[in-house]
Structure formats: structure tokens, C-alpha cells
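Trainee: Each chain, letter by letter, is given below.
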Amino acid sequence: MSASVLRDPAEDQSAAQALVPVPRHNKRRDPVAVAMTVFGVLVFCFLFLPILVIFIYSFNTGRLLAAWEGFGFDAYINAAANQVIRGSVMTSLQAALGTAVLSTILGTMGGLALARATYKAKWAAILTGLLALTLVTPEIVDAISILPWFVSLGTDFGFTPINNGMVRLVVAHTVMSIAVVTFIVRARMQGTDMTLEEAAADLYATPWNRFFQITLPIAAPGILAGALMSFTLSLDNTTVSSFVQVPGNTPWPVYIFSSLKVSLRPEIAAVSTIMLLLTLVALAVVALVLRRFGESSTDIAKTIAGA
Amino acid sequence: MRKISRRGAGVAALSFPSWAYLVFFFIIPVGLVLWYSFGYKPDLFTAHSNATLSLDRYFEAMDPTFLSTFINTLQIAGLGTLICLLIGIPFAYWMAVKVPAKWRGLLVALVLVPFWTNFLVRTLGWQIMLAPEGFVSEALQNIGLIGGPIEILYTRAAVQLGVVYNYLPLMILPLFVSLDRAGVSLREASADLGANRVRTMLQVTLPLAAPGIISGCLLVFIPLMGDYITASVLGGAQGNMVGQLVANQFNSAQNWALGSAMAVMLMVFILLTVAIVGAVYLIVRAILRFNRRVLIEEPAS
Chain A
80 MSASVLRDPA
90 EDQSAAQALV
100 PVPRHNKRRD
110 PVAVAMTVFG
120 VLVFCFLFLP
130 ILVIFIYSFN
140 TGRLLAAWEG
150 FGFDAYINAA
160 ANQVIRGSVM
170 TSLQAALGTA
180 VLSTILGTMG
190 GLALARATYK
200 AKWAAILTGL
210 LALTLVTPEI
220 VDAISILPWF
230 VSLGTDFGFT
240 PINNGMVRLV
250 VAHTVMSIAV
260 VTFIVRARMQ
270 GTDMTLEEAA
280 ADLYATPWNR
290 FFQITLPIAA
300 PGILAGALMS
310 FTLSLDNTTV
320 SSFVQVPGNT
330 PWPVYIFSSL
340 KVSLRPEIAA
350 VSTIMLLLTL
360 VALAVVALVL
370 RRFGESSTDI
380 AKTIAGA
Chain B
625 MRKISRRGAG
635 VAALSFPSWA
645 YLVFFFIIPV
655 GLVLWYSFGY
665 KPDLFTAHSN
675 ATLSLDRYFE
685 AMDPTFLSTF
695 INTLQIAGLG
705 TLICLLIGIP
715 FAYWMAVKVP
725 AKWRGLLVAL
735 VLVPFWTNFL
745 VRTLGWQIML
755 APEGFVSEAL
765 QNIGLIGGPI
775 EILYTRAAVQ
785 LGVVYNYLPL
795 MILPLFVSLD
805 RAGVSLREAS
815 ADLGANRVRT
825 MLQVTLPLAA
835 PGIISGCLLV
845 FIPLMGDYIT
855 ASVLGGAQGN
865 MVGQLVANQF
875 NSAQNWALGS
885 AMAVMLMVFI
895 LLTVAIVGAV
905 YLIVRAILRF
915 NRRVLIEEPA
925 S
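Just so you know, the protein sequences line up as chains A and B, in that order.
Each residue of the first sequence is one higher than the one before, counting from 80 in our numbering.
Each residue of the second sequence is one higher than the one before, counting from 625 in our numbering.
Excised from the complex, chain B in its bound form:
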């Protein structure tokens, strides 16, 4: 007994550097932002003061500009996640099921290539393509598909396209892993038991891929909500996102209190989303498990 507890302490000590580092460079800074958000900007030349504490910055942050940008961001993020999911599911299914096993590693590596290319540079590639004087615009005009130059750059549509492109690999990978792990035998069993394709898809494949769907959606939605780069490169005035508003309060307006309040609201919103998605997933899974508890047993390892 004593030996075990000593081992436990040794193991815990091994994690001490991580603890210290995270407390010192993550918890304290984020805690400070929370603290700043209760302060105010005293005058034009001072960035911050906490002399009187109030929730005023939160009310100030709720102004129409911030709210409309927030809703804008939420729409871009929600639609972006949905499009990524709609592209990702058939694509990951194709990679995990239809493609011969020997090619799979190569295909996964290929999906990762954009992921390893600099985020900003990939976005610049789109900026070149979407430019009104760019080669895509000219080619489309030459074949007579459109009358004038394409007018998509610096609009919300461009930002939407950019985020779908930038975050698609993050959706594909977890989906692929979950579908690949589900294996072929359960789908075959479903077919042998007389289920048609649609039914196998809906009742076997998708439920097995559920963890991948959840983690893929979170992996796309969370960074997308705080995205600052894509909107800066591809979005004009119409494509503003919350990340830029927060950054501006610190970069140009020098109003730390307001920027902090916005950042806190963004973070709380993201945490709430994660919590709600997690809770819904657990509840749905519990209900499904209860209803179909005969059908799928956990494979014994």
C-alpha cells in the first residue's frame, strides 16, 4: 500500500514542471485578462486602470457593433463547421472504406499537406485566386461565365470560403480515424442482416463515427470562432470577426478593459458551446445505448 502511494507521488511530481509552466504562463495571464475586464480606460494616454471595479465594460461590449460582429462570426463559424462536416463525412468515408488499405496512409499524408503549409500563406493563395484582376476572374470572363470581374474578395463569402478551406483538414482527420477504427465487419454484418445502404449508413456507420463527428466539429468550430487571420486577409468591412475586434482594442484603441471584456465573453461562449455539445452528446448516447443495448456490444479487447 505504502509503495503504491509513493509511486503515485513520484508520478505526480513528474508533472510538476507542466503545472508550474501552465500556472505561470497560462492561468495568471488569463486571470489578469479577467481582472482587467472589470477595470476601465482612465484617459486617452493610459491603457488601463483597475482603481474602481465594475461590470460596465461588459455592457459597453454589448453595443450593436460588437453584437452584430459576434453574430456574424457565429454565422460564419456555424456555417463553416456545417460545410466542413458535409464535405468531410463523404470524403473521410471514401478514404476509410472505399480506398484500398495500402493507399490510405498516403492519402492521409496528402490531406495533411495543407495543414503543414503556413496558414497565412494558404489564405494568400485564395487572395490571389479571388482577386478581381486574378487569373480565375479572367478565365471565367473569357469563357463567358460571368460578365465582369468576380467581386468576392473582401466580402463575407470570401471569408466563408477561406475558413472552410483552412479548417477542413481538422474535420477530415478525426472523422477518418473514427471511421477507420470502426472497421468493415459491422457494416458487413448489417448488410448480411438485410439492411440496405441507407439504413447501414444511418444506423451503423454514422453512430460509430459519432465521436469523430463531435471532435471534428469542435476542432473546427473553436478555432474558427477566434479566427483573426482569415478575416484579416480575405474579409473587408463586411467580413469582420470578433478576433479582429478584440485585437483592435489592444493594438490601436489601447482600451485593455474593453478588449478584455470581449475576450472573456468570447471564451465563455466557447466553453459554454463545448459544455453543451458534450452534454447533448452524452445524453443522446445514453438514450441510444438504452434503446439499442442489444445491438452493439463493446468489443472485448
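Isolated chain A (complex conformation):
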């Protein structure tokens, strides 16, 4: 869906228009513009309110997350000392890394193939439809369908690696992020024409060199954005993880989800705050890398969003 928007022919124009400064409304103090700014700021407050609450409550010294007692760093210290929390965060990070690697490899190949497919290639249309189908499938359907399949693969078919909790998480998360990576890479490659690759071929570059010296550098921003996206999707995933997880390999969101039924402790807010900060640092790094590729800030944000 989001990728189809990208093929708008107006795309080439927006970059040019962004350069033309048209601050017409700023000079007149237009009441509508003022009202819109107020509205915009309010929406931002709405968007940040719960995150701010979690941040503040991570300094709660009480035993329960929601009952504020006093300010302190107890939650951070307790979280760092808690073996189970450390283990589940590590599980999440490992699963996210594995998902990012696997879905980036599959998605890059698929995205390059789709971008280079001839206009009427039937396989490309079916693959696009199939990927779109994985996007519109509700997570809960993914979850309940893949669990019995994992169980029968592991027991009936004797495919034992699937009984490993980490393998299960990576495989299941990749199903959901492969489409995102594929569409981002396809969108990136559709903007570029094939003449560079053809020129390289004419200059006797081997297919191998052509791929690593021409195709891959062009696709790099898309691949990077896709990898980041799949990493975060995996890190964020609760529904599917809670179904396919094996005891001993409980990822962090599932840990939170199960403590929801028992008691929520401030450690959860503390670890979430740290993870958000790490995510933001990672995003900033990616934005810097993309800037070196010469993208505008709006383009960077759009690439990161996968839109």
C-alpha cells in the first residue's frame, strides 16, 4: 500500500518544490494558521503523553508501577540486577538481530527482483499480492497459524531446530517483516534506471562485481531502512512472540505481557526507557548515514518510516 504511493509521478517535483521558500502565511498572522499550529502542538502532546508518563514512572521507588511513592533510581538498579529481565531483553535483541539479517537478505533479493521484473511478469504480480497479504493478515492470525505448524514440524516431521525458541522467534518475525523490507527496497530501486548496471556490464564487469559495486550501493539506503524496520518490528512484537515462545527464551514484550496479569513493577518502565533511548540513538545514526547519501531530512524520515 505504502509503496504504491511512491510511484506517483509528482515525486520528482516535490524535491524541487521543497527548495522554493514560500512563507506566505507566516507574515499575515492568519488565524487559521495559528489555530492549526495550536492543534498540531496539542496532537504532539497527545502523542508524547504516555511515553512521558512511562519515563517519569521509571523513577518510581514504589513496588508497583502505577502507585507512585518517591523519586529514585531503584528501578534501574533492580532491573540491571534481575536475571530474568536481563535474559528476556537479551532474547529480544538477539531475535531482532536474527530477524533483521534474515528478512533483509530475503527482502533485498525479493525487492531487487520485483523492481527489475518486466511489466507483465506474472510471478511478480503474484509475489506482490502474496507480500501484501502478509501485511493485511492480522497478527493474531499469524500467531495461531504458525504455532501448530511449528509444533508439527518439530514433532511429526522431525525438523528439530524449530523446537529452539530463538529459531521460532526469528522465523515467525521474519514472516511479518519480509514484506516491509521487500517493498522498501523495491521502491528505492524503481527510482533508479538500469542503465548504470548495463554500463557496468558493457565495461566487462562480472555479474558479481556489478552487483556489489553498482546495484548494492544504489539500494543501500533502502536496505538499511528495511533492516532497521525489521529489527524494530521484531523488538516490538508481542502477539506472535507470546504464542511461539518456548520457556527459557521469553522475549521482553512477552515478559511485560505476562507480568500484566500478576503485577507491573517499575523495572518495566526503566528497561523500556533505556530501550527507547537506544532505539532513538540507532535512528539518529541511520539518519546521519542517510544524510551522507545526500537525502533531504523529509526523505530520511520517509525512508525510515518505510512510507
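Be careful, since some hints might not be right.
Said to hold, decoys possible - Covered by chain B, according to a simulated footprint, are these stretches of chain A (three or more residues, beta-carbon under 8 Å): (1) 140 to 150; (2) 183 to 189; (3) 225 to 236; (4) 308 to 322.
Source of the hints: derived by calculation from the structure; they are not laboratory data.
From the three backbone atoms N, C-alpha and C, an ideal C-beta is built for every residue, glycine too.
With chain A fixed as given, assemble chain B onto it according to the hints.
Mentor: Just chain B now, kept in the frame of chain A:
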């Protein structure tokens, strides 16, 4: 000619790993769920059997509990999408048009921050705020706005608020992209030709944003229909959603056949919605294009 077809085959081969992966870990599992939905639960200790095939589970799934939950979910999803759209359009318009271009990247990044925060954790933030003994409740009581503690947590209203919050960024982004791409010149042209603000909005800006509106609505509505987390955190008995019913059949009731039938119905419903929205969009666009074919030409790239 031969060279081209060989290239085509090479390109198709590049997509083979994706094919294999999707067939093995998406088509087969979902196909199995379809197959399970024709089976039954033989006894208390067995989760599933397909020994006799029937459509009975679909009729069983149509019981009043499921139907009322389904309608509940549909209302939450429909209203949620509508509220997201009503907040999203002016907000995205503000970001794409009113804000100076140099700030836009930063603002988009800010919209994305909630998106990068764990879904469950964001929802927990609301749970803290909506709690009857929470600080919001106390503050409202102290300034005398309400008489007693707020009673919104574990109701449908809380779920509604939670889903609007959780899916709003997914609505804003496509809207922003389509409005940003539409550019300023067509709106200026409309103003130069004597159209007032409302007319420019209705006849130029919104039609240009239509693809963004459609994809935003789908991006919000589809995951919302299958949402399982928000309702589990914020909704009590009143805020039940279909996702929880399906999950319960697999988690606690151990009735795979019934759960599968519910899942299939959910999925068919979502696919139908997508198909209908797509068809309506194409028809409306075709009619509009035919009526106004002089007005807007596709810009030559």
C-alpha cells in the same frame, strides 16, 4: 529477444528464496488454519481432529457472544479509523503545508517516536494515566472537575482511546506523504483562479490526498480489527475484541477448530473490506477523472 527472456528468468530466480519462505511459513500455516476450521474438537483432552469435515464450526462461531464481540470490534475499529482520520488530516496538512520546510523532517521524526516505542509500553502509559487512583484522576478531583475517581479504565472508552493513540501515527504518515507530494503550486493556482479556502480544500487538496487517505485508513483499520494487545491491557469485560476470542480458543479453551473458524472469518472480513474500499476508490476516481478530465493533468515526469 532471447537475452531478455534469460534476464527475466534470472530476475525471477532472485525472488525464489522469498517465494520458498512465504510458501513454507505463511501459505502452509494459513492453509492449515483453513483446514482446521472444517474439523472439530473430539473430546476434552484432544485439541483437534479432522476425521469428519463440516462447516459446523462456522455456525458455532456465529453464536451471539462472537457476533456481539465482532460488532463491538467493528465499531471500535470503524470509529477509531474515523477519529484518526479527523485528527490526522488537519495535523498532516499542518505539517506538510504550514510548517516551514526545514522543520518538516524533524516533525516527522517526532511523530515516529511513539511508533518506535514498544506498543505494549505505550498502552501501559495509558493504563497508568487512566487508573482510578492515578495522578490524572486525583488532579481532576482536586480542581473539582469530577466528583469521584475517573471510571474509564477497563471500559470500551478506554480501548477506543488506546487504539486511536496507538494507530494515529500510521494514519498521519501516509497523509503527510501524499499532501507533501502534492506540493504548493496547485493550491496556489486554485487560489489565483478565485477559489476560496474551502473550495481549494475540497476540490484540490483533498482529492490530491486521496491515495494517502485510503492507505492511511487501511493501515489503521486492518491491524485494529485484529488487535489483541490494546484490549487486553485497557479493556475489561466490556472492551472485548475478536483477537482475544481467537486467542482464547487456542490458549485456554484448546478448541483449534472453533478458533480457526473465527480466524478465517476475521481474515475474510478484512480482505472483503480491502477489496470493497479499493473498488469504491477506483470507481470514484474513474468518475471524477471523467467529469474533470480537463482540470488536472498528470504532471509529466
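Trainee: Does each hint fit the structure? Answer for all of them.
Mentor: Consistency of the hints with the structure:
| no. | hint | verdict |
| --- | --- | --- |
| 1 | 140 to 150 | holds (count 4) |
| 2 | 183 to 189 | holds (count 5) |
| 3 | 225 to 236 | holds (count 4) |
| 4 | 308 to 322 | holds (count 6) |
Of the numbered hints listed earlier, not one is contradicted by the structure.
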